[in-house]
Amino acid sequence: MKMSRRTMLHGTAGLATAAALSAPARAAEPIRLGLLTVKTGPLASGGLDMERALTMFLKERDNTLSGRKVELIVADTAGAPATARTKTQELVEKNDVHCLMGPLAAFEALAIDDYIREKQIPVLGVAAAEDVTQRKPNPWLVRGTSSSAQCAHPMGEYCAKDLKYKTMITIGDDIAYGHEMTAGFQRVFEENGGKIVQKLFAPLTAPDYGTYISQLKEADAIFIGFAGSNGFRFLRQFNEYGLQAKLIPVGGMTALDEAVLRNMGDEALGIVTTCWYSAELDNPANQKFAPAFRAENKYDPGFYAAATYVEGAVLEAALKSIDGKIEDKPAFMAALRATKTDTVRGPVRFDEFGNVIGNVYIRKVTRKEGRLVNSVIKTYPDVSQFWTYDQKAFLANPVYSRDWPPAKNLSN
Amino acid sequence: MQFWVAQTLNSLAFGGLLFLLSSGFSLIFGLMRLANLTHGALFMLGAYIGAYLMRAFPGTSLWMAALASGIAVAVFGGLLERFVLRRLAGNALGQVLLTLGIAFIISDGCLLVFGGDPIPLSTPRWLARPVFLWGFIFPAYRLAVVVLAVCAALGLHILLDRTRLGAMIRAGVDDMAMARAVGIPVSAIFTLVFCLGSAIAGAGGVLAGPILSAYPGLDGDMLPLALIVVILGGVGSITGAFVGSFIIGAIYTFGIALLPDLAYVILFLPMILVIAIRPNGLFGRMAV
Numbered sequence: 383m384k385m386s387r388r389t390m391l392h393g394t395a396g397l398a399t400a401a402a403l404s405a406p407a408r409a410a411e412p413i414r415l416g417l418l419t420v421k422t423g424p425l426a427s428g429g430l431d432m433e434r435a436l437t438m439f440l441k442e443r444d445n446t447l448s449g450r451k452v453e454l455i456v457a458d459t460a461g462a463p464a465t466a467r468t469k470t471q472e473l474v475e476k477n478d479v480h481c482l483m484g485p486l487a488a489f490e491a492l493a494i495d496d497y498i499r500e501k502q503i504p505v506l507g508v509a510a511a512e513d514v515t516q517r518k519p520n521p522w523l524v525r526g527t528s529s530s531a532q533c534a535h536p537m538g539e540y541c542a543k544d545l546k547y548k549t550m551i552t553i554g555d556d557i558a559y560g561h562e563m564t565a566g567f568q569r570v571f572e573e574n575g576g577k578i579v580q581k582l583f584a585p586l587t588a589p590d591y592g593t594y595i596s597q598l599k600e601a602d603a604i605f606i607g608f609a610g611s612n613g614f615r616f617l618r619q620f621n622e623y624g625l626q627a628k629l630i631p632v633g634g635m636t637a638l639d640e641a642v643l644r645n646m647g648d649e650a651l652g653i654v655t656t657c658w659y660s661a662e663l664d665n666p667a668n669q670k671f672a673p674a675f676r677a678e679n680k681y682d683p684g685f686y687a688a689a690t691y692v693e694g695a696v697l698e699a700a701l702k703s704i705d706g707k708i709e710d711k712p713a714f715m716a717a718l719r720a721t722k723t724d725t726v727r728g729p730v731r732f733d734e735f736g737n738v739i740g741n742v743y744i745r746k747v748t749r750k751e752g753r754l755v756n757s758v759i760k761t762y763p764d765v766s767q768f769w770t771y772d773q774k775a776f777l778a779n780p781v782y783s784r785d786w787p788p789a790k791n792l793s794n
Numbered sequence: 003m004q005f006w007v008a009q010t011l012n013s014l015a016f017g018g019l020l021f022l023l024s025s026g027f028s029l030i031f032g033l034m035r036l037a038n039l040t041h042g043a044l045f046m047l048g049a050y051i052g053a054y055l056m057r058a059f060p061g062t063s064l065w066m067a068a069l070a071s072g073i074a075v076a077v078f079g080g081l082l083e084r085f086v087l088r089r090l091a092g093n094a095l096g097q098v099l100l101t102l103g104i105a106f107i108i109s110d111g112c113l114l115v116f117g118g119d120p121i122p123l124s125t126p127r128w129l130a131r132p133v134f135l136w137g138f139i140f141p142a143y144r145l146a147v148v149v150l151a152v153c154a155a156l157g158l159h160i161l162l163d164r165t166r167l168g169a170m171i172r173a174g175v176d177d178m179a180m181a182r183a184v185g186i187p188v189s190a191i192f193t194l195v196f197c198l199g200s201a202i203a204g205a206g207g208v209l210a211g212p213i214l215s216a217y218p219g220l221d222g223d224m225l226p227l228a229l230i231v232v233i234l235g236g237v238g239s240i241t242g243a244f245v246g247s248f249i250i251g252a253i254y255t256f257g258i259a260l261l262p263d264l265a266y267v268i269l270f271l272p273m274i275l276v277i278a279i280r281p282n283g284l285f286g287r288m289a290v
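Note that the protein sequences, when read in sequence, are chains A and B.
For the first sequence, the working numbering begins at 383 and goes up steadily by one.
For the second sequence, the working numbering begins at 3 and goes up steadily by one.
Since no wrong hints were added, every one of them can be taken at face value.
Simulated coverage check for chain B against chain A, where a stretch passes if three residues somewhere in it have a Cβ under 8 Å from a Cβ of chain A:
| no. | segment |
| --- | --- |
| 1 | 15-27 |
| 2 | 116-128 |
| 3 | 139-151 |
| 4 | 209-218 |
| 5 | 253-261 |
Hints listed in this document are in silico derivations from the structure and should not be mistaken for laboratory results.
The C-beta atom is built at its ideal place from N, Cα and C for all residues, glycine as well.
Chain A on its own, in the form it takes in the complex:
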């Protein structure tokens, strides 16, 4: 752990010293940014991408935002809620960070939620849990990625209207993320005339999906709401059973991430997924970012790399609007939420809960220059977490779950 003597003194001397320091002296101090990510364990693939992209973002700006040096302190939560909590405390109390980025997983975000409220630390979130920007909004959070269902809503409409599927099956991880994403998909798909005839959830650590695959009923298509490597393993086994000819797979935002695509073969070709990003996006920021990331790491940036890169851009824009004065937390927080900027995912702004409003892309796996990529085939502009619903009505409903909205069209 790198720690300068000044940080040490600052930390031990406490608030009195901090308050006594004059304004110019404080402005010279670096901005301390804490990144909560996962560098060990099963989630490390995405976690390492988060760190790589953010490091790249800062390096491109000579580690300087709004004229102040930025000191990045990376903490490894190992994907465990308890460790996430300890590391957050360490970043806040020992490293005295000005703001946090991350964590990766929803259960980590929930584990640190009350601590963030208590300590009032501005957080640029990555994890997708719905309610932290809905029914239990955290005033210290902005989320530049999306809520669990934010990309699934447009996918529901796309499947019903553009792909004209009548009946579908959903399958996802048996965790809040899987429940929320498939629920959002189901709601929009069914409201557009489709029918969900079967809903399956598999334990996050299910070693084998054979049992689930053998149960699949007849339908036009199946929506895959898995995270991490699970979507990849499910698809392989799905093909193993020779089902791709009978049932068309489509995916949520983490089903066929760029990180997974590079280990897949022709079986992935043609699969349609939804996400707020694709390495193939044709905007000026991404035209710089994606090739640079590829040059450095030999693979395309995906969901997690883009996540911290987007959050970096949000941080930069917010700091600029307040002249780098990150110490004034309420002003900084207000600036974050008022941010409107162009990022690698396209233009972003935030709603009153701090959740992003931005484009959602429907992508299709194609082969380009020998590698598999997610080509964008349709853009839903400025999608909010509430989709086209009235915000009040949306919030009056219970949060998306296994059982809400109820599935009325299940076949027996």
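Once you've looked at the hints, dock chain B against the given chain A.
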């Protein structure tokens, strides 16, 4: 009808996979009284080595990769036993903790070397297509896994019951002090059995690869399954591991299909029952 046939085949395939995983664990546990918690990690290490070989040397078949990986993991296991575990001989708790620590080291080592993304192992081409059985589809490779498991069980059975080496191993399992007294080199046999158990884990990891892929967390997903099988089947018994694997395969498959809400506990219920009624497992023969 189709449901029952399809899920029965699924349960057999999963059972076969479990046997490849747990037979080595049972062997080591039986002889050395050591719950080798690196076993899941060795399984994962095997899968990664296999995946690496098949990538680095195109044309390597899955079988070659399994063989090479089995040997590599066996050597690793042998070194581990000789130079690390041996130092804690007699300290069972210390050994268990040590194996757990080494399991963490292996799993983060794999992450460092092979990265965090899942790496698939390709199925041999002639087994890559689904077969049609009585009018429905089942992946050919999964049937092959059942055959492989049966072959492995037969091989182990012959080794343990029909050879001199097997007799020595069994003697060591039954009464270590007496085996030593009649001149059986128990300590060399320890190393050998550890190598053999590791080899089965390593090769098993590769053979399970086309179904499971090599991914970080594979170790943690598999270790509890090995424990459950061995507790159910009885420690140190290949028959026990074999029967246990297929029972667990069936309970898991039918449990999930019929009672999806119990997916998390379904595997542990039979274990509790067996521990309550037959603490040594169905085929356990430890006379402790």
